[in-house]
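*Asks:* Each chain, letter by letter, is given below.
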Amino acid sequence: MKLSIERAVLLKALAQAQSVVERRNTIPILANVLIEAEGATVAFRATDLDIEVLDRAPAMVERAGATTVSAVMLHEIVRKLPDGALVVLAADAAAGRLAITAGRSSFSLATLPREDFPVMASSEYATNFAAPAPVLRRLFDKAKFAISTEETRYYLNGVYMHVARGPEGTVLRCVATDGHRLAQIDAALPEGASAMPGVIVPRKTVGELRKLLEDDEAQIAVSVSETKVRFATPQVTLTSKVIDGTFPDYSRVIPQGNTRKLEVDAAEFAKAVDRVATVSSERSRAVKLTLEDDRLILSVNAPDSGAAEEELAVAYDADRLEIGFNAKYLLEIAGQVDRENAVFLFNGSGDPTLMREGNDMSATYVVMPMRV
Amino acid sequence: MPSLCRDCLTLFPAGARCPACRSPRLASHPELTRLSIAHMDCDAFYASVEKRDNPSLRDQPVIVGGGQRGVVSTCCYLARIKGVRSAMPMFQALKLCPEAVVVKPRFPAYTEASRAIRAMMEALTPAIQPLSLDEAFLDLTGTERLHGAPPAVLLASLTKRMETELGLTGSVGLSHNKFLAKIASDLDKPRGFSIIGKADTESFLKDKPTKILWGVGTATQASLEQAGIRTLTDLRRWDQRDLIARFGQMGDRLYHLCRGEDHRRVERDEKLKSISKETTFFEDTSDPDLLDGHIWRLSEQVADRAKAKALGGRTVTLKLKTSAFQTLTRRHSLSDPTQLTDRIYRAAADLFAHAPKGPFRLIGVGISDLAPEAACDLSHDLLDPDAEKRAKVERAADAIRAKFGHEAILKGRALR
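Heads up: the protein sequence lines correspond to chains A and B, in order.
Residue 214 in full-length UniProt numbering sits at position 214 of the first sequence, and the numbers go up by one each step.
Residue 283 in full-length UniProt numbering sits at position 283 of the second sequence, and the numbers go up by one each step.
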């Protein structure tokens, strides 16, 4: 195999490969990227056995072929090369080396045979549809903060993507929860998606997927089976196993009868929460909200370290309410609101609280209070 | 040289016998009346309690320990002459000393004796740091005016009271810091009274092996030997910076300890870092029901202790020892600290479900990353709405137990 490729193109293609490979892997080949050159294209493939990313880039292929080499090391080399350099990759199968030359720099990296590289078994995708990148971006970005890191509840370690009945008909829905907060984000159902099986997309995949969604104009081809999910742009294909588990029936925990309504400027609210939480030394960081007559008092009382209080003008005309929350949860939830006011719907001080962005019914957040 | 009679507590300037009672049991040291940090260690504590409570055992070698495959927890001095040591497997101990009487430990009796000794110490100073049931550090600095006698006299009176009122003997080490006091108490066991003064610290430590230093076990000893350090004299040749560079924080500690410097205070209560309970089975088992019952009971004991101490833990640990003596520990971090049996049990049972299969000879449950009660169990779980109900049930059961005793109400699970 021998090819030449522009440094910037190569760097971009390798960036995703090196983030997929496991750093501390005990199986050496999994630290490698598979490079396949044919026609006018070079493809880079990396996997951790759960996720596989395939990145294609245009290149001048002198001699077709394939090899595997350390993804991290190759990425580092290319990153340190000067901008605008033309990089030549030449594999010497007999010596087991890949030569990398650019200008007056030359490197030689150990290779492993391509036959040893595990290629993820292709599967039959029952559902295939296309979705605009901004739609998927919103679905996953707004849900991912609530993904659980608890290993024992592994079925919460991802975003549950499925078809659901929303207030205005059938929607494509993403839900994530860790038992303390929950995010439910809806989008118009793309054509061809109605029969999609619900899948739990793992946290790492959500992170990798995000890199495919930067281009506002891009259409993402989505393929879903019971066990795998695939997101593809013309250059990049991201294939991932889904979490083998059952996502809990989240609809039961979304409160329906919360009537005490608070409307507040989300940015002002977040800043105030952040300020008062400064004095809290506990990791639980409880913030108390006292609501009465268009006034919201945020307070923290940490016996060991100090106290803080801030008052905000808000819209609230229900009965007086005192309720406590984890400051971090409040900040994260308020951070999801882009333009509108944050609308909180409370019930009692021990009941789950609902949050919406203005009148937008397509995003629902739930947060559990804590005793203060 | 100032001397103290340990029998009648008379202080006198010099002599080989007490001028008052003619006893030869003296403690003499130039700094006798100036030292105030002490370590008191009971002599063969469990065995002594057994001999006291059953005088027929008095002249027989006694080993306290037990179970089918237990180890020696304590043995009396008669058994020690035969080579029996604590932590020795029982079969080996009995091979060395076949005539020994093996007694099962009676912890309530030891706890009671320990409390009585503690009360005697409390009468001398509030600065007591118990290390276990049978040993403690005492800081008697500044108590001389209050008691009208220097610390040495108070300590001699303590062991005397222990002998006359409780029938138990102890050995005292008196020095100017904890490290040296602890070494001193071991020099003249049993019924000992040893003193290491400031002036003789250096000559005392000279050429002692490194293993007498606090915190130096087999592993550290080996790495010290690799650096050519066998004795404290070797250690003193090292520059402080070189020791730190080679041994990290330990190096800094070694630098000071080998010079007899130890600035640790006698802390009344060492801060608790974790709460755990474990149990060894009579027979190895892999029966999931049986083990589940144990996990519940252990969780309950841990939770009871946490509640008594007004603490909770953020991390739940499950410990398993396999038949092959391999120890496995699995831990799980909770979203917020807990002191509830229900939450500890659920986390531990879940860890057990994911652990390798048995058979096991030991199982343990613990909590760590402790937090005050006020920070525990504050938030509820959206996906487990019944958790709050179970917490209320547990609090109600606790209230019933507090009134009617521990057995008044039990979970069926606890009977498995």
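Because the hints were derived from the structure by calculation, they are not lab data.
These figures come from a predicted structure and were not determined experimentally.
Idealized CB from N, CA, C, for every residue including glycine.
Heads up, some of the hints might be wrong.
[Claimed, not checked] Restraint ranges, calculated between C-beta atoms of paired labels, are given here:
id	chain 1	residue 1	chain 2	residue 2	range
1	A	Ile27	B	Pro98	40 to 46 Å
2	A	Asp116	B	Ser323	34 to 40 Å
3	B	Glu407	A	Gln256	42 to 48 Å
*Asks:* All the hints need checking, so say for each whether the structure fits it.
*Replies:* Hint check results:
1. A/Ile27 <-> B/Pro98: 40 to 46 Å: violated (57 Å)
2. A/Asp116 <-> B/Ser323: 34 to 40 Å: Once the Cβ atoms are compared, 39 Å apart, the range 34 to 40 Å for B/Ser323 and A/Asp116 holds.
3. B/Glu407 <-> A/Gln256: 42 to 48 Å: Since B/Glu407 and A/Gln256 have Cβ atoms about 44 Å apart, the given range 42 to 48 Å holds.
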